[in-house]
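Residues per chain are reported as follows:
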Amino acid sequence: MKDTNNEKKNNPHELAKKFEVEIKETIIKNFTVPSEELTILFDDEAGIYLSKKEPNTLCCLVVGEKDGHLYLVTAEIEKDNKGLGNFKTRIIS
Amino acid sequence: MKEGFGKPNNTSENSDKDPVILEANKTPDKEPENKTPEGIKEIRELAEEVVGSAESKGADLIEDGHNEIKKAENNSGLPAEEIAEIGEEVGLSFKLNKIKNNILELFNSLKRKIMDEMSFGGIQEYKDETIFLNENKETSRLVIEEAIGKRNEIFESRGLLQMSKEDFEIYFASDKYEPGAKMEQGNVGDCYLVAALHAMSCSPHFELICRSSMKKLGDGSWEVKLPLLSERGEVVIISPEELLPQENKQFSKLKSNGEVDTREELRPLKGKEGLLVLEASFIKRRFGAVDRLASEGGRANEVLQSFGGDNFEMIDLFMEDDGDNLAQLDGFQMANLDHDLENFDPEINMATVGTRERRDKSEPKLFEVRGTNMSLGRDHSYSITSVDWGNKEITLGNPWDTSKPIKMTIEQFKENFDTYRSIRVNSAKILKNMKKFEQVPNVTESGKSNVE
Chain R
0 MKDTNNEKKN NPHELAKKFE VEIKETIIKN FTVPSEELTI LFDDEAGIYL SKKEPNTLCC
60 LVVGEKDGHL YLVTAEIEKD NKGLGNFKTR IIS
Chain U
0 MKEGFGKPNN TSENSDKDPV ILEANKTPDK EPENKTPEGI KEIRELAEEV VGSAESKGAD
60 LIEDGHNEIK KAENNSGLPA EEIAEIGEEV GLSFKLNKIK NNILELFNSL KRKIMDEMSF
120 GGIQEYKDET IFLNENKETS RLVIEEAIGK RNEIFESRGL LQMSKEDFEI YFASDKYEPG
180 AKMEQGNVGD CYLVAALHAM SCSPHFELIC RSSMKKLGDG SWEVKLPLLS ERGEVVIISP
240 EELLPQENKQ FSKLKSNGEV DTREELRPLK GKEGLLVLEA SFIKRRFGAV DRLASEGGRA
300 NEVLQSFGGD NFEMIDLFME DDGDNLAQLD GFQMANLDHD LENFDPEINM ATVGTRERRD
360 KSEPKLFEVR GTNMSLGRDH SYSITSVDWG NKEITLGNPW DTSKPIKMTI EQFKENFDTY
420 RSIRVNSAKI LKNMKKFEQV PNVTESGKSN VE
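Line by line, the protein sequences are chains R and U.
Be aware that the first sequence starts at 0, since it is given in numbering that gives the first Met the number 0, and climbs by one per residue.
Be aware that the second sequence starts at 0, since it is given in numbering that gives the first Met the number 0, and climbs by one per residue.
Keep in mind that the hints were calculated from the coordinates and are not lab data.
Since we're looking at a predicted model, the values are computed, not measured.
A virtual CB, placed ideally from N, CA and C, is assigned to each residue, including glycine.
One thing to keep in mind: the hints can contain errors.
[Said to hold, decoys possible] Residues from chain U that face chain R, not an exhaustive set, calculated with beta carbons under 10 Å:
(1) Ala146
(2) Glu155
(3) Pro203
(4) Leu292
(5) Met313
(6) Lys428
[As the list claims (entries may be wrong)] Here are some of the chain R residues that sit facing chain U, going by a computed Cβ distance under 8 Å:
(7) Ile27
(8) Phe41
(9) Leu49
(10) Ser50
(11) Lys52
(12) Glu53
(13) Gly63
(14) Thr73
(15) Ile76
(16) Glu77
(17) Lys78
(18) Gly82
[Unchecked claim] Derived DEER-like restraints, expressed as beta-carbon distance ranges:
(19) Lys51/R - Ala71/U: 57 to 63 Å
(20) Arg140/U - Lys65/R: 25 to 31 Å
(21) Asn80/R - Glu144/U: 53 to 59 Å
(22) Lys65/R - His338/U: 17 to 23 Å
(23) Ile85/U - Lys65/R: 25 to 31 Å
(24) Lys65/R - Asp260/U: 46 to 52 Å
(25) Pro78/U - Lys65/R: 30 to 36 Å
(26) Lys81/R - His338/U: 41 to 47 Å
(27) Ile27/R - Arg357/U: 47 to 53 Å
Here chain U stands alone, though its shape is the one from the complex (with noise of 0.2 Å):
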C-alpha cells in the first residue's frame, strides 16, 4: 500500500462528507468511485502490476539495443581501439542509457501520480482553493520543510565552509528580490553565463556550494575552486582588477556579424561582487583569462557543469533546428519535455532555455510573443526560475535584469523557444563531496574570527 503523506480521514464524525474535494477537471464535486478501501487497494496493484511490466518491458528493450550495439561491434573485425573511439564519438551507450533513466523517471512519476490520485489525504500537489484537504495537509507541509532544514543542518555540519555566512549575506546575497540573486548582464554577450549563474542563484544548494568552495583573501583578490564544492577542483584566482570594465580591443572594428563594435570598454555584469567573482571565474578557467570578448557566445549547460562538476547531472537537453521550436517536438521528446517542467523544483533542478538566432542582420533583435505586449530578445539565454503546472505557467528569468521576471503559458514558451537545457541536483553527491571536516576559524573581511 502507497504511503503517501496524510492519514485516511476515515473516523471523521460525517463520514459522508468526505473533506477531499477533487480539481475540477477531474471529477468535480464528486466522490470518486471505488474510494472504499478494498477498491484503493485493487486499483493500487493494478496500476503497479502495469506500470512495472511496461517499466520492465522498456528496461529490456534497452538491453536489447546495447546487445545489438555489442553485435555489430564484434562483427564490424575493427580494432578495440577503434571501436571505442567510434564508440564515444557516436554516443550511442550513453544516449541508450539517458533513455532509460528517462524511462524509469517516467514511469515513476506515472506510478507516484496515480498513487496520489488514489490517496486520501497524500502530498497534494493542486492549488489550496481547489482542493480542500484534511488538516494533515497543513501538517504534512511543515514536516517537509522541517526536513529540508535538517538537510541543511547537515550540509552546514559536514562542510568546510570556507566563507562565513556573515560574507555570504555581503558579497551575494540579494536585499529584496527573490527567486535567486538579482543581476544584470554588461555589455558583453554572455546571456548564457548570466542565465546559468541565475538559474544555480535559484537553487537552496547555491549558498553552500558557493561558502565551501569561494573565500575572500586579504588582498581583495578571490579563490575559487572549480568545479565548486570538488576536492579535484582547480583554484583560480580572480584579482579586484579582473572584475573591473576592461578595455575593448576590437573598438570601432568590424564584429562577426558585419556590425561595428561601438564598445569602449566591456563590462561584467551589475550585480553582488560575489556573482562578478563567479562570472569572472568560468571566463577564465574556460578561456586562460578574463577575456570578455572571448566569452561572447556560448552555452549555459556549459557553463553550469564547469560549475557543478558531478555534483550536477545533465538530465534533459531540446534543440531544434533554426525555424523550428520547442512546440515541434516529436511526441516522445514532448512527453519527456511536459515531463520535466510538471515536475520542475527549483530544490532539485537548474533549467536555463534559448530562442533561436536571427536568420539574417535584417531581423530584428526583438520579437513580440503573439497575443501579448510581452518582448523577448533574438539567440537570448534565459533562466528558469518556476514552474506553475496546474496553471500552465512558466516564470522566467532575463539576463538583462532578472528583477523583473517574465511570466508566460506553458504553450506560449513552446512556441516561442527552441531550446531547454536542464540539469539535476545530485544530493548524493553533494554530501559525498561535503565530507566531514573540523569547523576551522574563519576570518571575515571585518577582521573578526568567526568560529561556527
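Isolated chain R (complex conformation) (with noise of 0.2 Å):
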C-alpha cells in the first residue's frame, strides 16, 4: 500500500501527461476556450499534484494564454492507480 500511495505520489506529472487531453477538454467543455490556447503546467512542479484536501485527487493547473485565466482542473485517481476519472474545473485567477 505504501509503495502504491508513493508511486502515486512520483508520477503525478507522468498521470497528468497521460490524460493531457481530458484535462483540455474539461476546461474547453466548460468554458469555451479554445484547445490551443490552453498551456498546462508542465514544467512547474506545483503546476500539477496530489491534493493533500480531498483524497485520491489530482490536481492540475491550466493556463489560458489568451484570456489570461489560470483553470483548475481536478480527476479522481483510479482504484488502479493509472486511470483518472470525474474530471472537474474551475477558474482560479
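Two chains, two separate frames, one set of hints: put the complex together.
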C-alpha cells in the first residue's frame, strides 16, 4: 500500500501527461476555450500535484494563454492508479 | 455533462431529504422540478445549444462589423496610411473586439450559472445560511484554497524576487487592516493614484509583483521597474528626499478653481514606505520628476496600466456625462456593469470608481448618500474592495483613510457614482513575465544575506 501511494506521489506529472487531452477537454466543455490556447503547467513542480485536501485527487493548473485565466482541473485517481475519472474544473484566477 | 465541484449525493440513505435547499428567492423549501439525472441532462444540453447558438450569432455580428469597416476603408479611396491613422484615432476595430470579448464573457457566465443551478453540489455562490450543502462543498473550498497556494508557489519559484519577504513585510504589509494596505491621501489632489494603489494592494498578486520589481538600495534609495514585472520596464530611482514633503511653489497663489492655495508644503500619502515609493515612482515616470503639483487630477486606470503594463487588462470603463450617474446607463452597458459587479473577484479584478465633479464653486465638496448619514467626496476616486452580489452590497476604500471602508447597496453606488474603471489581472502574462531564474542571494536592510 505504501509503495502504491509513493508511486502515485512520484508520478502526478506523468499521470497528467497521459490524460492531457481529457484535462483540456474538461476546460473546453465548460468555458469555450480553444485547446490551442491552453497550457498545462507541466514544467512547474506545483503545476501538477496530488491534493492533500481531497484524497485520491490529482490537481492540474492550466493557463489560458489568450484569456489570461488560470484554471484548476481535478480528477479522481482510479483504484489501479493508472486511470483518471470524474474531471472537474473552475477558474482560479 | 458539466463537471462542477462536488458529487451528486444520490447514494444518501435518506434520499428523500436531499441536502440541497435552494435559496429563498428561487424555489424555496421545494425540490426543483426535473432534478432527475435525465431531466438535468436534457436541460443542460438545451442550455448549451441555446447559449452556443447565441454566442455564435454574436461572433458573426462582430465579424460582419469588421467586414463593413474593411469595405468602407476600401471604398474611401484614401491612402493606406491615412486609413490606418483614422482607424487608430476612431478605434472602431478595438471597440468591436472589446464588445466581442464582453459578449463571450457574458455567455460564459450565463452558461456557468445555468450549469451551477442544475448541479447537485457544485461550487455554490450562495450564502451559507441560505444553502445547506453536502460535505463536498467544504471539501471543494479547501481544494480551491490549496490550488491558490500552489499558484503562489509557482510565482515564487519562477520569479526573480529582488525583495525578500522580510523586506516586503517591513515596507508594505499592514499590521492589522485587511483587505489592502492602509494608506491616507496626503494634501495633494492625487486621490486617483491612491485609489489605484489601494485597489492594487487588495490583489493577492500585489506582493509578488512588488517583490519582483522593487529593491531598496544601500544608500536608502529605491529602484523600481515600471511597468512592474516587466523585463522591458523603465527603471525609476526614488531617493529618500523625494519621499519627503516638498515646498509648494504655488503657495498663496490662485488655483485653477479660483481658490487660494494655502498649502505651504505638499505631502505624500501616509502609509508604509513602499507605498510612498510607488506613489512617487508613478509621478516621476509620468511627469519626469516627483512633481506633486503636476500630479493633481488624473485617472486611476492610467495608474493601473502604468504599474501593471500587459499584466493587467482594461476590461470595462463606464462614464457618464456630468449630471448623470451609473444608474442611467443604457440596457447593454448596465448589463455589462452588473455582470462585472456580480463576478467581481479580488483574485482577478481591480476596480476604482469616481464621483462626478463639482458643477461650480458653490457646490459643496461633500454630499450625502440619500437615505443614509454617509458622506462622499465630489470629484473623488475610491477603490472597490469587495462586492457581495447576493446581498447587493459593495464595499469601497476611501483614499482619505483606507482603514475605514464604506459599505453601501449596489443601488446607492450606481446613484452616486458616475465612473467605473476595472482591470483584470492576466495570470498568463504574469506567468510568462516571471520566467524561471535561479534564486540569487538577497541582502536585507539588516545586512543579512537571505537566500530564498
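Worksheet item: Going through the earlier hints one by one, which of them does the structure break, listed in rising order?
Response: 4, 5, 7, 8, 9, 15, 16, 17, 18 and 21
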